[in-house]
Amino acid sequence: MMAALSPNAQWVLFSTLILGVAAGIVGCLAHWKRQSLMSDALAHAALPGVVIGYVLAGVKSLPFMIAGAAASALLGALFVQWIRTGSRVKEDAAMGIVLSVFFGFGIMLLTIVNHLPGGNQSGLDGFIFGQAAAMVRKDVWMMAGLALLVVLVVAVSFKEWKLFLFDPRFARGLGLSGRWMDAMYTALLVLVIVVGIQAVGVILMAALLIIPAVSARYWTHSFGRMLILSALFGGGAGVAGTLISVKGEGWPTGPFIVIAASALFAVSFLFGARKGLLVGWVQRYIRKRRDARILDGNRIRRDERLPRTISEAERVH
Amino acid sequence: MDAVLEVSGLSASYRKNRVLDEVSFTVRPGTLTGIVGPNGAGKSTLLNVMLELHPRLSGTVKFFGTSYRKAKSRVGYVPQRGSVDWDFPTDVLDVVLMGLYGRIGWLRWPRRRHKELAMAALEKMGMADYAKRQIRQLSGGQQQRVFLARALVQDADLYILDEPLAGVDAATEWAIIETLKTLKNRGKTVMVVHHDLQTLADYFDHVLLLNRTVIAHGPTASVFTRDNIARTYGGTLRGWGEKSG
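One line per chain: the protein sequences are A and B, in this order. The numbering of the first sequence is this note's numbering, which starts it at 1 and goes up by one. The numbering of the second sequence is this note's numbering, which starts it at 1001 and goes up by one.
Quick caveat, the hints were computed from the structure, so don't treat them as lab data. Here a beta-carbon is modelled for each residue, glycine too, at the ideal position from N, C-alpha and C. Careful: at least some of the hints might be erroneous.
Said to hold, decoys possible - Simulated crosslink set (SDA-like; lysine to any residue; CA at most 25 Å straight-line):
hint : chain 1 : residue 1 : chain 2 : residue 2
1    : A       : Lys275    : B       : Lys1132
2    : A       : Lys90     : B       : Asp1085
3    : B       : Lys1132   : A       : Arg169
4    : A       : Lys33     : B       : Trp1109
5    : A       : Lys33     : B       : Gln1134
6    : A       : Lys90     : B       : Gly1040
As the list claims (entries may be wrong) - Just a sample of chain A residues kept apart from chain B, beta carbon distances all over 10 Å, derived:
hint : residue
7    : Ser6
8    : Leu37
9    : Lys60
10   : Leu78
11   : Ile83
12   : Asp92
13   : Arg137
14   : Leu191
15   : Gly272
16   : Gly276
17   : Gln283
18   : Arg284
With the hints as constraints, model all of the structure from the sequences given.
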């Protein structure tokens, strides 16, 4: 399959793989911080920064745009925190405000830039739904490098994350600064988002952070294994989505990555070994059969019909 | 004898309400203190302020004659069971190992001897058989035992427990109290936020009666009187204490 792809497409494939892995890992952290929606707010908040970065650089320069995206996403995070602590507005509403205001502002800037001379060739539209095919080798290196950094940071401090996410109060008692971990978490989240928006787009970036983690939860009861599975799911979705999208001219990558991730979720939801729907059914069925056998053996009642379960039998009595 | 904990003139507010007002008390080593008071008396806030989880308005807190920050490793804290998400994917042994993270060192992996220490603590709490059990499958009492085991491996000199007996079964309550008494007999100091006045005198040798400020503090026999209880709880508990004197 790889051989049939152009060298550039292979590079793009590699970068979306690493991106998916990083997003899957950071998504797990967000999941247990109970802040999945924060990733959506920050991804949308990155858009104005991308456009401003483009304008400042004068040309389409990924480092500038990534720096701009990071700055405006961080500003969004600060706003969410500021609204939440400084007013009676709850966190979800604060995230809703930041998401829509920043995104609206970003679209406005984008429209203005597109109307500037030469602006319609800016390729900025690709940042909305993702345009992995538009990436060049240099972009890919930068993306893959940053994504690898994210993976490494979490791998090295795995034990600390587990403690911090499970019991932040106890963690502080041991000397693990909550403020520092919070800052670290926001930094990782923003890093993954800015790395991912070119390939996946600001609108759908959150899906790559949320869906793999939720899917992984259906397969394991271990935090470490959940991280690894989520990374695999994210990486798989990135690769599958990119493969589909490079088949067509100008097809956006983001939607296909999200569809691939959702397919993995559907499989996990139905067949997951832990609390998957099917496993749950089978377990309930076996339990019912066992209860029925016990009742059969005891021949408790000679009614028209035997109660099917113990609970039903108790109700009859 | 040096004080294990010295709180003086401590005040704190919560959402603009002053919940702690000029709280001062000193805890001696080797004591087992029950902290009691009505709901909203500031018991949890007191712990939070002492452990620097909540800001204070004024006053000082000294652990072993120094700041909490410097004495952290000598203080074992057992938060309320409900303060964490028990759905988190991990097992019992893993949670107990967390108590050793400070000693293992940041960014390092636990070794076999750390796991052995954690197992020994689980053994003490009668939870060794549950080491590989998912924490979400535990009952309330078992969760509390795991939390206590995690504090035990810390090998602290002062243990602070926030309502460890809330909603646990009789067997767990007995196991926890026995453990606390053992700690005390080994010269450790223990402070417990407690709710049940009936058992207070049996469990603790010292009592801290709290209602926004310290109503009384000292050996149970001399402090836990009908008069002091009435002053702590207002008129709500009239008649209580007549039987037990």
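Check: Is the hinted pair Lys33/A and Gln1134/B satisfied, with a Cα-Cα distance of at most 25 Å?
Finding: Answer holds: Lys33/A to Gln1134/B is near 19 Å, not above 25 Å.
Checklist line | Whether Arg137/A stays farther than 10 Å from all C-beta atoms of chain B, as the label says | finding: holds, 34 Å
Note to self: Check whether the Cα positions of Lys90/A and Gly1040/B lie no farther apart than 25 Å.
What the structure shows: Between Lys90/A and Gly1040/B the Cα gap is close to 24 Å, so the pair holds against 25 Å.
Next item on the list: Would you check the hint for Lys90/A and Asp1085/B, treating anything up to 25 Å between C-alpha atoms as holding?
Entry: holds, 21 Å
Check: Is the Cβ of Ser6/A farther than 10 Å from every Cβ of chain B?
Finding: The claim holds: Ser6/A sits with its nearest Cβ about 41 Å from chain B, beyond 10 Å.
Next item on the list: Verify that the Cβ of Leu191/A lies farther than 10 Å from every Cβ atom of chain B, and report whether the claim holds or is violated.
Entry: It holds; Leu191/A is separated from chain B by about 19 Å at its closest Cβ, greater than 10 Å.
Margin query: If we take the beta carbon of Lys60/A, is the closest beta carbon in chain B still more than 10 Å away?
Written below: holds, 39 Å
Margin query: If I take the minimum Cβ distance from Ile83/A to any residue of chain B, is it greater than 10 Å?
Written below: At about 17 Å from chain B, Ile83/A clears the 10 Å cut-off, so the statement holds.
Notebook entry, point to check: In terms of Cβ atoms, is chain B entirely out of 10 Å range of Gly272/A?
Noted result: holds, 13 Å
Check: Was Asp92/A rightly flagged as not at the interface, with every chain B Cβ beyond 10 Å?
Finding: holds, 18 Å
Next item on the list: Say whether it holds or is violated: Gly276/A keeps its Cβ farther than 10 Å from all Cβ of chain B.
Entry: Given a closest Cβ separation of 15 Å, the condition holds.
Checklist line | Non-interface claim for Gln283/A, where every Cβ of chain B lies beyond 10 Å | finding: Holds, because the least Cβ-Cβ distance between Gln283/A and chain B comes to about 14 Å, which exceeds 10 Å.
In summary, this structure violates none of the numbered hints.
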